[in-house]
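*Asks:* Listed below are the residues making up each chain.
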Amino acid sequence: MPDVAFVALSVLIIGSAIFALEAKELIYGAVGLAFSLIGVAGLFILLGAEYVAMFQVSVYVGAVVVLILFTIMLVRRESGRIVEEEEPGRLGRMGAFVAGLVALAVAGAMILLVPVSPEAPELHRVLLRDIGVSLASSYSVALVILGLLIGATVIGGLTLAKIDREKRTDGTAQ
Amino acid sequence: MPALPTLQEIVSLAVRIITSRTFLEIVFFPGLLNVTLSAALLTWLERKVIARVQLRIGPLYAGIWGILQPIADGVKLMFKEMIFPELADAKLLMLCALSLMLLAIAPVVAIPFGEGLVIADMDIGLIYVFAALSLFPSVILLIGWGSNSKYSFLGGLRSLFQQVSYEIPMWLSVLGIVMLTGTLNLSEIVKAQQNVWFVVPQAVGFAVFFTAGLAELERIPFDLPEAETELVMGWMTELSGIAFMLGFLAMYTKLYLMSALITALFLGGWLGPSILPGPVWFLLKTFLVCTVMIVIRGAFPRVRVDLLLKAGWTRLLLLAIANIFVTVVLILLGLGWVWRV
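In order, the protein sequence lines correspond to chains R and H. Taking our numbering, I'd label the letters of the first sequence as residues 16 to 189. Taking our numbering, I'd label the letters of the second sequence as residues -14 to 326.
Check each hint, because a few of them may be wrong.
[To be verified] Taking lysine-lysine and the DSS-like style, the derived pairs with C-alpha atoms no more than 30 Å apart in a straight line are:
(1) Lys76(H) to Lys33(H)
(2) Lys33(H) to Lys65(H)
(3) Lys39(R) to Lys295(H)
(4) Lys61(H) to Lys176(H)
(5) Lys76(H) to Lys61(H)
(6) Lys135(H) to Lys76(H)
(7) Lys135(H) to Lys39(R)
(8) Lys65(H) to Lys135(H)
(9) Lys177(R) to Lys295(H)
Hint data in this document are derived by calculation from the structure and do not stem from the laboratory.
For reference, chain H alone in the conformation it holds in the complex (with noise of 0.2 Å):
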């Protein structure tokens, strides 16, 4: 039978966790900390770029710049009553916005801020990420289903569809990279685009991944599982309150963290010219690979339904498989050692 540890003990050991690096790792920059105020920044970001490109002015008053509007609306959703339909199941709609909010962070714990600023340094962070984003659908669906209400489960469906029918390509158009790189690790895939980012002979596999991705996050143009003048707000119809806040939050956090798997898959992660940090320049890709999107959102009207499983069964499919192909021929010519760890 050992000791009972003494109160010095525990508080020694408290302290040691608290100061470690993995905990200040998690609970600060890569980790939570990050995650939620950039998400809380780009719901800021997108009302800011959308009224420019609509020839408005945008939040305003909240802060310089309206910068403060997110925590206003947060502070506000916070403090609203909770309403469900009567014949909601409210319980389980809870437990779903919230399983929503912990897989939408779950992917930062493998993506490289950094050199060596990563959570867990996995073999298969590649992997990781993808059951990760694998897991939002069916929550999706189960917000749908809990709502009992038609929009909330035609949005719910259509996610479905929309998401399951997009992560194949967007499985196969990596593999481009994880061919030429021979690992998993995105910390090393970051590390192999030192001569030339993976955007260049990997142009087909981005803009499969790209196109993909914007349909994962269920964005304009590929917003249908929220068509505001179909579905009034799509699976998030019912959701009120604090629930509204984690799904509404959830996505944009997904946006960065997707945007985030862009910047280390394609665009060379924290590689740049010195003059700045690594870690800054990681987040000044992240942050234009996210303003990208919405200005799309600004710029492209919606798709049709049979369009957007059209496109994604034939074209993307197709040319994901096509770049495949296309790497083999970059490594059967010689080519491969320009991206070799």
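So here's chain R without its partners, still in its complex pose (with noise of 0.2 Å):
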């Protein structure tokens, strides 16, 4: 049973990413994001862990999806008109090959160094309290760093919206 949810997991994530990439349509292509990442979600429940999943739908699909649908619709350019494809320069092409390069690297390294065995491993669920526990104690440094992080981001935030409005009542940013 878990194989056919994994199949038809990773054909709805893949098939939405390719119609993602491909799409004409700005807005499609963040439609098909979305559902990329709601099967991405969907991956984390098989593997037991639904904490993460439901961070990653409210995070990702919830908050990331909506930016970028947002920026969008601020940048509009006309409907209808089809962005014209580019041939890749030469930069773009070594850059291309390099990012393959890479994947196939880090593929072959993953299937080499991880032991595949023809039996599923034993799924053990890790209680959301246990996360919490070892959160607050053994990696709580990590957690205090981040909190200083997204503060920092939250401070740098408002200090450019608050340059902007300033710079309008001068009436030099119009």
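Build the complex: two chains, separate frames, hints provided.
*Replies:* Take a look at the structure:
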């Protein structure tokens, strides 16, 4: 049964990712990305990490996709105009080549390093309470640093917004 | 190669699935039938209560007290022609209307309507409900964009601003409960209220959650996304026929399940004197919360956009964080045992 679910989810993820890349309309690309991310959340559920799955949905689909949609809508181009695809330059080709090599290397390393067994490994669920305890004890430094990072980001955002407003009252940035 | 199942096996499997408890729960009581019927009933209740507030009578002729009015409306909308503007994205609109309804029903999976009467008793039920709620803004924004109409688009943008900024105080306002009970499982949160309901120690959290809930539901006084004097019908302007019915019903389903969530989190869920069974208490409390929200609609004017965002970011957020600190003090004073599971 997990195999069927895994195959269905993989088809959903890869299919909607291809759709997102190939869509002519940017908005459709964002919708495809949302479906792809929901599929990834499904994979997390199959792995027994429901907590990660729920945050995958609420952060990536609920927040990041909204951000992308919002940006597309604010930077609106005339609808119906098809983006002309440019022939990739030499640098672009080299970049694609390097990216492909890296992906191949990672995939190869995973296949070679992780032992493959015909039976599915024992699935042990981690209790949310245990995650919380280890976050607050052994990983507390990482937690504090993350908090500081988010705080700094918020302060930076507020500063940017404030500069914008000051300029506007001067009438310089109209 | 395993042998193909015989017809008898398939039939017996089907019977086993249909008569299983989970299937019955999904289809009937806490599940689909309950939610859609209650949402339809809420449209009637809303008309009737608003009419009473405004000294009118409301629906009267369809059935006794006009209680069959929602069915008449549903049949009417189902047979209406679906009209989409020429440049609107009809496929996207239909997809969004459908997913809106699905998203509105989704939280019912984790909400316990009685002792053990929950479709999936998840460890992370609360996060699941919030994750489902957090998907609404993107769908509504897509409807606003796909309609290719300025009213829909402005409504969609307003809805996005409102829901995204009120989601944060909403998440924070329930943290006090999570800290007191030490669990995110909604059934266990209800069980923890055996002695005192959470509306007492978490009065501030309740106020924040209720206000943020009204804003998430886009109801008066926070109904800016569909302010009918400015935006016709907001993001629903260009929906018609079945698509409109789905969008409309989705908002009432959301109202019902939000009230159910408030009942489970703050009002003791199915707990109550044993003269009535638990689920009945749950439904009574849920409909009471709905009625309060409807009366608020009759009694208050709409707020201004800037005041709405200011209240969300400066007042509610601060109140929610203050509530967390007060809860910490409660726990440090040694009162936490009252709500320990």
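*Asks:* Run through the hints listed earlier and report the numbers of any the structure violates, in increasing order.
*Replies:* 1, 3, 4
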